[in-house]
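Novice: The chain contents come next:
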Amino acid sequence: MSQQAALGRPPTPLVALAAVAATLLVVPLLTLVVDTPWGSFFSLLGSEAVLDALRITALTSLLTVVGCLVLGTPLAWLLARVDFPGRSLLRAAVTVPLVLPPVVAGVALVTALGRNGVVGGPLHDAFGVTLPYTTTAVVIAHTFVSMPFYVLSVEGALRSSGERYDVVAATLGATRWETLRRVTLPLAMPGILAGSALAWARSLGEFGATITFAGNYPGTTQTMPSLIYTTLQGDPEVARTLSMILLVASVAILAALRNRWLTTP
Amino acid sequence: MADDTVTGLHATVAVPGRLDAAVTAEPGAVVAVIGPNGAGKTTLLRAVAGLVEMQGEITVDGESWTTPRRLVRERRLGYVFQDQSLFPHLSALGNVAFGLRARRTPRREAEAAAHGWLERFGIDDLADRRPGELSGGQAQRVAIARALAPDPALLLLDEPFAGLDVGVATSLRLELARHLRDFAGVTLLVTHDALDALTLADQVLVLDGGTVAQAGTPREVAARPRTDHVARLVGLNVIRDGDTYRSFSPRAVTVSLNRPEGSARHQWAGPVVSAVPHGDAVRLLVAADPDLLADVTPAAAAELGLAPGQQVWLSVKETAVEAYAVS
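Heads up: the sequence lines are chains H and G, in that order. First residue of the first sequence: 1, per the UniProt record's numbering; consecutive thereafter. First residue of the second sequence: 1, per the UniProt record's numbering; consecutive thereafter.
No lab work stands behind these hints: they were computed from the structure. The beta-carbon is built from N, C-alpha and C at its ideal position, and this holds for glycine as well. Take these hints with a grain of salt, some might be off.
As the list claims (entries may be wrong) - Which residues of chain H face chain G? A few of them, derived with a C-beta cut under 10 Å, are:
(1) 86
(2) 87
(3) 159
(4) 161
(5) 165
(6) 171
(7) 173
(8) 174
(9) 183
To be verified - Simulated DEER-style distance windows between Cβ atoms:
(10) H/130 / G/130: 20 to 30 Å
(11) G/14 / H/177: 26 to 36 Å
(12) G/124 / H/189: 34 to 44 Å
(13) G/109 / H/78: 26 to 36 Å
If we strip away everything but chain H, and leave its shape as in the complex, we get (with noise of 0.2 Å):
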């Protein structure tokens, strides 16, 4: 008899609720399987305008994942090393985003970079740069709300890693950028990698952020989220089968995550 039997049956409520809940989590999903369109899912993979937001959902998933490695990383470095006032402060607020409802998020950033904005105002009257409903306020919006995902990975790994192999390094005459490069980044590697894919999990399926600063049109600004939730009232199977690529897109994140992140102790 196995260690699990010889304890005794689980106890009925337990499992009850338990199917419960994983049927709450599969239904859905197995149904979207299901009733997407799979003999015109081509076709319609063809359609312009599914084209252009695959396209600009793709462009700007990417362009925020270089944004976290480029602007994250050095956040997360100053985070992780660098005792300087006001620094649980800062990550605290690094954190906001995380729980902030995205729309909020949204109407933030137009306050913040609007074209009467805080910052917005001036950088049109100065430079005649309009930032809202253009694509780079699509990636801006995005990389608002993955940074943190991003951060907070690679901050774990830098804490987890440790200083001590950058003193080591500095006894061996490294300078710190060296040490960066060298040290520092190559052991912070599993949580830059884990990071960049939450960070992409979040920008593909951005929604909220996105319409309220960026709006939803075609060609520059409306990403697959976007177009589900516009086609959603016109067209559901052109929404179905939509969705259905935002899911594989999404488990493929997930597996490549199981691989490099959720198996590495």
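Use these hints to put chain G onto chain H, whose structure you have.
Specialist: Okay, now just chain G, sitting in the frame of chain H:
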């Protein structure tokens, strides 16, 4: 400005509340730093390396490391940490080449030199292995090679044999002795082991409670220990009597159950704390204020019933005692 006439290490190091010590050593010298846990041994190394705030002055080969304060990376030192701290993402070769690469040696040259160092430690066949694939002794060799490769002026070794099997430690000790003979700079070697101090060092610095309790050649320190800790390390009893130390071997101690009569001038009483085999004798630790060691034959131990808790009298003849002044 570097002053070429002043060579070696000249250091006075004060870390408030933890350490107040001075150490001077000629180029090529090996200074063993010994003392009980918390005596400030590792603090001394970290202060010299620039890893802890300190007051005082450190001069290495005529160059001041303290006025103005040099960053860690600007000090020509090699540091072998207690846990080795090999970079886990680099091969043995990458670890040893790291310091050379950091000091702007081209990759090809640095790797050739690193191969040379691994060769000297007899582990060049392991050059491509990651630290996780090395045994403790191999990893320690890589760590020492890594510290020596950039040709430091000062080598800091923090308990290089801690955590190794006895056999591995013994062969590595012999190897290290050979490398230290070839090393032109000063070595500070923190150790818990009297054998390290006696076999590897030219000078011994005994730290106790953050201050220098004794400094001298290994022979002097071993023959005339001034601290209980060193006395235990070298297996001697040492007692302080006014301004005189008296040391004597555990073999010279007579153990009896009753107060001894006769000529023995030095007598103590106390309970046996432990009785363990020591060579072909049984070594007793007796809580006699101070704690004293006494060696008896196994036969005598059995006859007297010497088990922990047994009250015994210890005595030693004046002729077996070496006396020396405190200062």
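Novice: Flag every earlier hint the structure violates by its number, smallest first.
Specialist: Of the numbered hints given earlier, those the structure breaks are 1, 2, 3, 10 and 12, listed in rising order.
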